[in-house]
Amino acid sequence: MNNMSPEVALHRISPELRPLLCSVVRNGRVGLDSTNCLRVTDLKTGCTSLTPGPCCDRFKLHIPYAGETLKWDIIFNARYPELPPDFIFGEDAEFLPEPSELPHLVQWDAGDPECLLQLVKELIQQYHQYQCQRLRESSRLLFEYDSLLEDPNYGRNMEIYAGRKNSWTGEFSARFLLKLPVDFSNIPVYLLKDTALDPGEDVALLSVSFEDAEATQVFPKLYLSPSIEHALGGSSALHIPAFPSGGCLIDYVPQVCQLLTNKVQYVIQGYHKRREYIAAFLSHFGMGVVEYDAEGFTKLTLLLMWKDFCFLVHVDLPLYFPRDQPTLTFQSVYHFTNSGQLYSQVQKSYPYSPRWDGNEMAKRAKAYFKSFIPQFQEGAFANGKL
Amino acid sequence: MAASISGYTFSSVCFHSANSNSDHEGFLLGEVRQEETVSISDTQISTAELLQVVEIHNHDPCAQLFSFYDYAGKVNEDNLNRILKDRRKSVIGWYRFRRNTQQQMSFREQIIHKQLTQLLGVPDLVFLLFSFISTANSSTHALEYVLFRPNRRYNQRITLTIPNLGNTSQQEYKVSSVPNTSLNYAKVIKEHGAEFFDKDGVMKDIRTIFQVYSALQDKVQAVCGEVEQSERVKEKIQEDVNKLKQQIALRKRKTAEEERRLREAQNAESHPTSEENSEPSETSLLSRVAFHAPSAPERPGTSPNPPSYSDLLSQEDSLLSSSSSPTSAALLPRPQAVGSPGHPTPGPLGMGLDRQAAGQEDDDDDDDDDDDDDEDSSEYENLVSEAAHLPMVSASVLAQGRPAALSPDGDARGSQTS
Numbered sequence: 001m002n003n004m005s006p007e008v009a010l011h012r013i014s015p016e017l018r019p020l021l022c023s024v025v026r027n028g029r030v031g032l033d034s035t036n037c038l039r040v041t042d043l044k045t046g047c048t049s050l051t052p053g054p055c056c057d058r059f060k061l062h063i064p065y066a067g068e069t070l071k072w073d074i075i076f077n078a079r080y081p082e083l084p085p086d087f088i089f090g091e092d093a094e095f096l097p098e099p100s101e102l103p104h105l106v107q108w109d110a111g112d113p114e115c116l117l118q119l120v121k122e123l124i125q126q127y128h129q130y131q132c133q134r135l136r137e138s139s140r141l142l143f144e145y146d147s148l149l150e151d152p153n154y155g156r157n158m159e160i161y162a163g164r165k166n167s168w169t170g171e172f173s174a175r176f177l178l179k180l181p182v183d184f185s186n187i188p189v190y191l192l193k194d195t196a197l198d199p200g201e202d203v204a205l206l207s208v209s210f211e212d213a214e215a216t217q218v219f220p221k222l223y224l225s226p227s228i229e230h231a232l233g234g235s236s237a238l239h240i241p242a243f244p245s246g247g248c249l250i251d252y253v254p255q256v257c258q259l260l261t262n263k264v265q266y267v268i269q270g271y272h273k274r275r276e277y278i279a280a281f282l283s284h285f286g287m288g289v290v291e292y293d294a295e296g297f298t299k300l301t302l303l304l305m306w307k308d309f310c311f312l313v314h315v316d317l318p319l320y321f322p323r324d325q326p327t328l329t330f331q332s333v334y335h336f337t338n339s340g341q342l343y344s345q346v347q348k349s350y351p352y353s354p355r356w357d358g359n360e361m362a363k364r365a366k367a368y369f370k371s372f373i374p375q376f377q378e379g380a381f382a383n384g385k386l
Numbered sequence: 001m002a003a004s005i006s007g008y009t010f011s012s013v014c015f016h017s018a019n020s021n022s023d024h025e026g027f028l029l030g031e032v033r034q035e036e037t038v039s040i041s042d043t044q045i046s047t048a049e050l051l052q053v054v055e056i057h058n059h060d061p062c063a064q065l066f067s068f069y070d071y072a073g074k075v076n077e078d079n080l081n082r083i084l085k086d087r088r089k090s091v092i093g094w095y096r097f098r099r100n101t102q103q104q105m106s107f108r109e110q111i112i113h114k115q116l117t118q119l120l121g122v123p124d125l126v127f128l129l130f131s132f133i134s135t136a137n138s139s140t141h142a143l144e145y146v147l148f149r150p151n152r153r154y155n156q157r158i159t160l161t162i163p164n165l166g167n168t169s170q171q172e173y174k175v176s177s178v179p180n181t182s183l184n185y186a187k188v189i190k191e192h193g194a195e196f197f198d199k200d201g202v203m204k205d206i207r208t209i210f211q212v213y214s215a216l217q218d219k220v221q222a223v224c225g226e227v228e229q230s231e232r233v234k235e236k237i238q239e240d241v242n243k244l245k246q247q248i249a250l251r252k253r254k255t256a257e258e259e260r261r262l263r264e265a266q267n268a269e270s271h272p273t274s275e276e277n278s279e280p281s282e283t284s285l286l287s288r289v290a291f292h293a294p295s296a297p298e299r300p301g302t303s304p305n306p307p308s309y310s311d312l313l314s315q316e317d318s319l320l321s322s323s324s325s326p327t328s329a330a331l332l333p334r335p336q337a338v339g340s341p342g343h344p345t346p347g348p349l350g351m352g353l354d355r356q357a358a359g360q361e362d363d364d365d366d367d368d369d370d371d372d373d374d375e376d377s378s379e380y381e382n383l384v385s386e387a388a389h390l391p392m393v394s395a396s397v398l399a400q401g402r403p404a405a406l407s408p409d410g411d412a413r414g415s416q417t418s
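Residue numbers (the UniProt record's numbering), protein chains in the order written: chain S, 1 to 386; chain D, 1 to 418.
Errors might be hidden in some of the hints.
Stated by the list, open to error - Per label pair, the in silico range of CB-to-CB distance:
| no. | chain 1 | residue 1 | chain 2 | residue 2 | range |
| --- | --- | --- | --- | --- | --- |
| 1 | S | 100 | D | 1 | 30 to 36 Å |
| 2 | D | 2 | S | 27 | 50 to 56 Å |
| 3 | D | 157 | S | 156 | 40 to 46 Å |
| 4 | S | 251 | D | 1 | 51 to 57 Å |
| 5 | D | 2 | S | 96 | 25 to 31 Å |
| 6 | D | 186 | S | 100 | 44 to 50 Å |
| 7 | D | 137 | S | 81 | 24 to 30 Å |
| 8 | D | 81 | S | 100 | 21 to 27 Å |
| 9 | D | 2 | S | 246 | 27 to 33 Å |
| 10 | S | 82 | D | 39 | 55 to 61 Å |
| 11 | S | 82 | D | 140 | 29 to 35 Å |
| 12 | S | 246 | D | 45 | 56 to 62 Å |
| 13 | S | 246 | D | 35 | 56 to 62 Å |
| 14 | S | 82 | D | 1 | 36 to 42 Å |
Bear in mind the hints are in silico, worked out from the structure with no lab data behind them. Since this is a predicted model, take the numbers as computed values, not measurements. Glycine included, C-beta positions come from ideal geometry on N, C-alpha and C.
Put together the whole structure using the sequences plus the hints.
In structure tokens, the structure reads:
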């Protein structure tokens, strides 16, 4: 399957059909997993082989759905571009939507560039219904579905893929893809801007695979859009609990949702707390502040003097501050170590409590500096070279 | 289910399809018939196999797409009637041609098919899908076709055969049962038909030939009769010849006998003979008989025509009757091997017979010979009356005329007649 870039596809398609494909390829996002765009491959023509190009009018559309990729054939006729397309639904030979449920087919308007995209969305909806119908083969999974459907939080943002029965073992499998209703809007912007690609919508998807109809083998997986994943500290930071045997989705999904929400809250709070901390230090140390991270408030450097001894203090604030303690690095401005670096000492444990507010932390820090500096000075003189 | 499409219909569909610059569709006209094959074998009760045969005779291409259905795929019955007109009842399916697509029914095709099945009232409506695949550099083009019967749940694809497309040197040239619907053909035949067809619609030539055949048959029958008659005449003549031969042999034997007796009588005065020695002398006499009467031992078997059954019948009968009491002529010959216990060996029998003078005849002979010509029997009677002074001799003497096992030649012919 050739990985055709959208531009190539647009170039090869018949000019009359180009606007329709354009909106599909450039803006086409259907379904919950909108990080993956719709892809177009296998462009072919329905005209005679002697027709000069570009005259392609039929292609395969790859649509992400419930963790699978649907490959549907869309067939136009380049000579009659005003006519609506025909579809072949790949392996889903039994999927036959009711045309009356597809308003964009019944009132096909070739002049509207969005028409094809809208039609595809309507077909996806019908496909979803079709898959839900197939769930009826397993009462257990049907129960799961119904219970989720009733909950307004999850019911509307669900994609279900009822897998093919394994003809040997007679197994039935299904996958639920749910969009978790977590609010990511308050995540500080700086955390989100680091991704190279267009991050798209911030979304968290929970995919739960049932490998058998009795729900004894259940595999949940959490998918986050790249920016969220980065903001929350990478994929390693997120461990969702295993699906409890005998449990059901209606209990499990809110659990995961809560976990995620908590994490997000932490991150948001951490940001504000750090800002508060830095602000307090600024006001306490005033001119002593060399520099600080004004975006993420993760770092702060102070230049202080005690009894004619100047030293630097680097403060590193962790992501889950104030739960995690900031790291203090003392650095001498006079002494070098053997490797040519400035002599420094890192202090991770010092009197600290996450319950203090910024001001309190600044005061305590000041007190700590006073108590620690003689030690440091001695160490610097002893171990460092001028 | 089997399906076939005539070669010209197939090529016509391909022509229409290949020349269209877009997808193409149309209707298939033909007939569906049920063929029942009853197979009978010794081991099982007869089984009947039902085979549904779909024959596509013609096609009706649609001028454009969406001509009988709308964007939603809903079939418009008025448009359908306008396209099909009076051919509606011979519709057995429809076809679609699309380039560079999969061999699978599409969404709209399935919807239309369902509606057509209902509207046309054909429960097993077929769908023929043509797909034209070209390679990227247009060097190779493949036309693929699949016949579906989507109204069934399983075995939806049927093989479509095109009769006489293939190696006809190895296959028979099949004549299809496609009816000729051409108007022009019908017109011409009507005009010129009177020269070839009689009033019943049968070709004149056939009648003529049949007449010739009948005439030939009659002639053959007549000839058969003539042959039969001539055969009978021939048989009769043959019989006559045989009888005359026998008479000659008999006479010769009689003369030989008389001469022998005279000699014996002369010898008996000088040399007394024992009975035991009679046997060899008998045989020697017989051999002499054989020699002296070259024609005598000639049995009917040596003649070019085999002896008639009646002859054989009489001879066999007389052989039997010599040993047993005179029986009716209805005795059938019982083929016995030489030396069988049922009957005495020809040797002593021959001796006994030989004692009896030639010429004496049994009454049975008369009865047997009654089947033959009266002339012959009368001659026998004459013979008998001539030699009346001689002891009774059965016709087995006549049998001796046959070179039976008695023949010194060691002829095995005797075994045939005994």
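A quick look at each hint next to the structure:
{"no.": "1", "hint": "100(S) <-> 1(D): 30 to 36 Å", "in the structure": "holds (33 Å)"}
{"no.": "2", "hint": "2(D) <-> 27(S): 50 to 56 Å", "in the structure": "holds (52 Å)"}
{"no.": "3", "hint": "157(D) <-> 156(S): 40 to 46 Å", "in the structure": "holds (41 Å)"}
{"no.": "4", "hint": "251(S) <-> 1(D): 51 to 57 Å", "in the structure": "holds (54 Å)"}
{"no.": "5", "hint": "2(D) <-> 96(S): 25 to 31 Å", "in the structure": "holds (28 Å)"}
{"no.": "6", "hint": "186(D) <-> 100(S): 44 to 50 Å", "in the structure": "holds (48 Å)"}
{"no.": "7", "hint": "137(D) <-> 81(S): 24 to 30 Å", "in the structure": "holds (26 Å)"}
{"no.": "8", "hint": "81(D) <-> 100(S): 21 to 27 Å", "in the structure": "holds (24 Å)"}
{"no.": "9", "hint": "2(D) <-> 246(S): 27 to 33 Å", "in the structure": "violated (56 Å)"}
{"no.": "10", "hint": "82(S) <-> 39(D): 55 to 61 Å", "in the structure": "holds (58 Å)"}
{"no.": "11", "hint": "82(S) <-> 140(D): 29 to 35 Å", "in the structure": "holds (33 Å)"}
{"no.": "12", "hint": "246(S) <-> 45(D): 56 to 62 Å", "in the structure": "holds (59 Å)"}
{"no.": "13", "hint": "246(S) <-> 35(D): 56 to 62 Å", "in the structure": "holds (60 Å)"}
{"no.": "14", "hint": "82(S) <-> 1(D): 36 to 42 Å", "in the structure": "holds (39 Å)"}
The earlier numbered hint that this structure contradicts is number 9, and it is the only one.
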